[in-house]
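Those protein sequence lines, which keep their order, are chains A and B.
Heads up, the first sequence is in the working numbering, so the first residue is 122 and it goes up one at a time.
Heads up, the second sequence is in the working numbering, so the first residue is 131 and it goes up one at a time.
Quick caveat, the hints were computed from the structure, so don't treat them as lab data.
Heads up, some of the hints might be wrong.
Unchecked claim - Straight-line C-alpha distance at most 20 Å; calculated EDC-like pairs for lysine to aspartate or glutamate: (1) A:Lys296 with A:Glu269; (2) A:Lys193 with B:Asp295; (3) B:Lys395 with A:Asp243.
Owing to the predicted nature of the structure, the values given are computational and were not obtained by experimental measurement.
Letter by letter, the chains look like this.
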Amino acid sequence: MLEINHLQKYYGNAEVPALSDFNLSVENGEFVTLIGPSGCGKTTALRIVTGLLDRTAGEVFVDGKPSNAPSKDKAIVFQLFNLFPWRTALENVAYGLEVQRVPKKQRRAVAKEYLNLVGLSDRLHHYPSQLSGGQNQRVGLARALAVEPKLLLMDEPFGSLDALTREHLQEMVQKICAEKSLTVLFVTHSVDEAIYLSDRIVVMGTPGRVVGEFNVGLPRPRHEYDWRAEVEYTEIRGAIWKLLRAELDDIETLTAA
Amino acid sequence: MAVDAAVVGRPTENPGQLGRWMHSPWPYRALSLTILLGCWQLFGNRFSTSFPLDIARALPHSLPHDVVPAFGDTLKGFGAGYAVSMLVGIPLGLLMARSRVVELALEPYVAALYATPRLALIPLLILWLGINFNMRFAVVVMSGIFPIILNTYLGAKEVDHNLLDAGRAFNANALQSLRTIVVPGSLPYIFAGLRLGMARAFIGIIVAEIETSVLGIGNLISSDVRSLQFADMWVAIISLGVFSIIFTTLLKMLERWSTIPWERKKWRASFWPLRP
Numbered sequence: 122m123l124e125i126n127h128l129q130k131y132y133g134n135a136e137v138p139a140l141s142d143f144n145l146s147v148e149n150g151e152f153v154t155l156i157g158p159s160g161c162g163k164t165t166a167l168r169i170v171t172g173l174l175d176r177t178a179g180e181v182f183v184d185g186k187p188s189n190a191p192s193k194d195k196a197i198v199f200q201l202f203n204l205f206p207w208r209t210a211l212e213n214v215a216y217g218l219e220v221q222r223v224p225k226k227q228r229r230a231v232a233k234e235y236l237n238l239v240g241l242s243d244r245l246h247h248y249p250s251q252l253s254g255g256q257n258q259r260v261g262l263a264r265a266l267a268v269e270p271k272l273l274l275m276d277e278p279f280g281s282l283d284a285l286t287r288e289h290l291q292e293m294v295q296k297i298c299a300e301k302s303l304t305v306l307f308v309t310h311s312v313d314e315a316i317y318l319s320d321r322i323v324v325m326g327t328p329g330r331v332v333g334e335f336n337v338g339l340p341r342p343r344h345e346y347d348w349r350a351e352v353e354y355t356e357i358r359g360a361i362w363k364l365l366r367a368e369l370d371d372i373e374t375l376t377a378a
Numbered sequence: 131m132a133v134d135a136a137v138v139g140r141p142t143e144n145p146g147q148l149g150r151w152m153h154s155p156w157p158y159r160a161l162s163l164t165i166l167l168g169c170w171q172l173f174g175n176r177f178s179t180s181f182p183l184d185i186a187r188a189l190p191h192s193l194p195h196d197v198v199p200a201f202g203d204t205l206k207g208f209g210a211g212y213a214v215s216m217l218v219g220i221p222l223g224l225l226m227a228r229s230r231v232v233e234l235a236l237e238p239y240v241a242a243l244y245a246t247p248r249l250a251l252i253p254l255l256i257l258w259l260g261i262n263f264n265m266r267f268a269v270v271v272m273s274g275i276f277p278i279i280l281n282t283y284l285g286a287k288e289v290d291h292n293l294l295d296a297g298r299a300f301n302a303n304a305l306q307s308l309r310t311i312v313v314p315g316s317l318p319y320i321f322a323g324l325r326l327g328m329a330r331a332f333i334g335i336i337v338a339e340i341e342t343s344v345l346g347i348g349n350l351i352s353s354d355v356r357s358l359q360f361a362d363m364w365v366a367i368i369s370l371g372v373f374s375i376i377f378t379t380l381l382k383m384l385e386r387w388s389t390i391p392w393e394r395k396k397w398r399a400s401f402w403p404l405r406p
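One chain only, chain A, in its complex shape (with noise of 0.2 Å):
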C-alpha cells in the first residue's frame, strides 16, 4: 500500500538529514505509528508522504505508483487542526470535495454523514471558534475522512488536547478504522497511545532512521477490555522506552559536548 524507500531530506544548507536513508512498507489496512524524540524526522516523513514537502533523495509509493505530490488517495489529519475560520464545520468538512468539483448537494450529503460518524452532527453550522480543540480535531478528522483516502495521515493529531478528550478521540479513531478498514500512518509522541491504537511501532532516532519496530499483537477493539493490565503491553512499553531512552541520552551528550 504505502511503499518508503531510502527517503532522504536535508532542510536548506544544513550539514545534519532530517531523515537518512528512511524505509517503511505499510500494508492494506494497517495502522502504522511513528514515534520517537521530537527532531527525529517523523513528521518530516509525514509531510514528505503527503507531499507538501519535497524530499532530497528517495522514493514513495502509494498502491505502487510514485507519489510526490497532493493526491486524491491521501488525506491528512493536523497536529493543529488546520481548519478554516471562516468556513463552518460542515463547509470545512466539505472542503476536499470542493476542490474535486463534486457537487454542492453531493458534497454537502457526504460531510453530513462524516460529521455524524464524528458525532457531530448537532454542530453542522457551528464555526470552529464555536467549537472545543476536541471537536474542531473531529471536524479535521471528518474531512480528511471525507474524501475517502486510501491512506490516511494523522500528525500528533491528539497532541494538542486534554488527557480526557485525548482518550475519547482515541476510541473513536480505533472504531472508525476498524468499521472502514483504513490504512494510517499516525505520528504520535505517546506510547502508550501508540500502543493502544497501532498493529506496528516504528521507533525512530536521529538522524532521521528507524531504530526498531514493534508489532502490537493485542486483539481488537481493545477498548473492550483493560489492555493495559496484558503482559505484551507491559512489555512492548518497557523496549520502546528502553530505545527511546537511548535516544534521548545521545542527544543530551551531543548537546552536552
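Position chain B against the provided structure of chain A, taking the given hints into account.
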C-alpha cells in the same frame, strides 16, 4: 462575554428597553453633540464665522439647491474612480503576493507611490486632462488605489501558512487556494485598505475641486467662502462629514459581515438596540 453571564444576579438575558439604550453608544454621542453645538451657539464670536442656528436656518434652502447637486458631481468622479481603484487594486495586490515576478517588479513602485504625497500631481493632471471628469477620476484613482494595493498585498502575504498547507494537502490548485484561502484570509487587510483608500480618494477629489473651482462640493465650499456665505459653507462641510461617516460605516458593516460571520447575530442585536 462569558464573564458577563457569570456575574451573579445581573440580568444579561433581557435587560429591557432602557437597559439596551444605556448599553448602546447613541445617548452618549447625542449628549456630546448637544454640548458642542450649545457652546458654539452661546460662546461663538465672529471668528467662528457662523452659528449653529444660522446654519440650521440655511439648511432647508442650501441642501436641496446647492449641496445635493454639487454632491452629485463629486460622487460621479469619486464613485467611478473608487470603483476602478477597487477592481484594479485588489486583484493587483493579490497577484503581487502570489507571484514572485510581479512582486519583485512592482513592489518598489507601489511602496514609493504609497509614501509620496500624490496630491502634488494634481496641477500636472490638470495640465494633461483638463478640469473635467477625466481629471477628477484620475485624481481619485491615483489617491485611492495605492492603499488598496498595498494592504491587499500585505494581507495576502500574511495568510496563515498552515491553512495554505491544508489547502494544498486536499489538492486545491493555485486558483482554488486563492479563492478559498488567500482572499478570505486577507479580508481584514483588504477592508483596511478600502477604508484608507476611501479617505484618500475623498481628500483627493475635494482638493482637486477646490483647486479647479468648476464643479462639485469642493467648488461649492470655495465659492461660498468667496461670497461670504458662511452658513452655506458650513452646510456643505457638515454634509461632507456626514457622507464620510455613512460611507465608512457601510464599509465597516460589510467588513464585519464578511470577516466574522459567527458574530452576525450578536452584532445585529447590538447595532439596532430597539429591535424586538
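For each hint, the structure was consulted:
1. Our distance criterion of 20 Å between C-alpha atoms is met by Lys296 (chain A) and Glu269 (chain A), whose separation comes to about 16 Å.
2. With a C-alpha separation of about 15 Å, the suggested pairing of Lys193 (chain A) with Asp295 (chain B) holds against the 20 Å cut-off.
3. Of the pairs offered as hints, the one joining Lys395 (chain B) and Asp243 (chain A) holds, with about 19 Å between alpha carbons and a cut-off of 20 Å not exceeded.
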